[in-house]
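Could you build all of it, start to finish, from the sequences and the hints given here?
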Amino acid sequence: MEKNIREYTPPAGRFYSRGGFDVEIGSATGNVADLSSMAGKARSVMAGVESMRGFLEETGYAGWEVHPMRGRYLAELLGAAATARFFELDTIEKSSILSTHMSFTSANSSLIERLVMPPDEQSLKTLQAVERAAGAPRDMVVYPDALPAGGVFTDENSTIARRGVQHAAEFWGPRGLIDAEPEYVRYYLGTIGVTHLVPDTFHYRRSSKSDAGVYLRPWQEVLPNDAAAGAIMEVHLALGRSDMLTAEAADHQVIAKSVQELKAAVDGPEAFRRTEAWDMINAVVEHTPKTGPERPKLRIITEVPRAAIDDLNIPFEAAHAQMVHSIAENLRAA
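Taking my numbering, the leading residue of the sequence shown gets -7, the next gets one more, and so forth.
Rather than coming from a laboratory, the hints here were simulated on the basis of the structure.
Careful: at least some of the hints might be erroneous.
Unchecked claim - EDC-like mimics (lysine to aspartate or glutamate), calculated; alpha carbons at most 20 Å apart, straight line: (1) K282 to D271; (2) K249 to D302; (3) K289 to D271; (4) K289 to E321; (5) K117 to D147; (6) K282 to D14; (7) K255 to D303; (8) K201 to D171; (9) K249 to D259; (10) K255 to D235; (11) K249 to D235; (12) K117 to D137; (13) K201 to E240.
Spelled out as structure tokens, the structure:
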């Protein structure tokens, strides 16, 4: 898989240096969505580019990982969807798109979920349009279960040049990868057109959705190896994932840990430094190549349900600003 990793220069943004190594901190667009009620969903789909830009300015994030949520934000980015015309984004909006993420909804999802976010195949087409509008390749999180016809991602059948997957037991298990060495996992993923890995601090640690009690190998045995191979371009810091309590085979222990990790990240750098989520991020940063022409610029994307922040009774933007501060200060201090 290492041969598939292309040299990559991310969009201009706000970087935090770690011994000369640049780390970019971004937010998933899903963070600003309120999916806890119909009124919240309505407000979310009406949020436009101006309000999204304001969120970045108030929190210190470098930009967005774009989830294909229906609404004004994507409509303004893509132009008049009815006529399939795409306008040139100004410099600020182009640079604010750091990466993209395929929809987690499917034909089996509820009608409300599908109204807010288009199912897999349609979401892929939407994100291809985002990449065209942005004018340059962006990293994209894809799902192995959503492979195009032929069973392999290619530049031709997806038009997305940089295709990353998250470590997840329900994807690894059916493919015989649960106990496989990291080198073989990367080789296998390369054969289906995956170009890099995107570890998620929640999804990596939880049990398989399809086979409760089945877990990936300990991250300590995998993430340093993947990072040292230059195979990790982005890490998802997933905090406060109480929204997963209703998921099939919900892993209550890991959900509870992610809620505590959110509280720690909001409390400040010292509290966050004592969490396993930070240990996972730090392992990736420590082992990612720091020299050479092909060294990646690492990106950290936060994924935090809005309802989880509401439960803390802390102003929304202030909580995210504190998370950015906790991450950045630990990157500087380590």
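The hints, checked one at a time:
no., hint, in the structure
1, K282 to D271, "holds, 19 Å"
2, K249 to D302, "holds, 18 Å"
3, K289 to D271, "holds, 19 Å"
4, K289 to E321, "holds, 18 Å"
5, K117 to D147, "holds, 14 Å"
6, K282 to D14, "holds, 9 Å"
7, K255 to D303, "holds, 10 Å"
8, K201 to D171, "holds, 17 Å"
9, K249 to D259, "holds, 15 Å"
10, K255 to D235, "holds, 16 Å"
11, K249 to D235, "holds, 13 Å"
12, K117 to D137, "holds, 16 Å"
13, K201 to E240, "holds, 6 Å"
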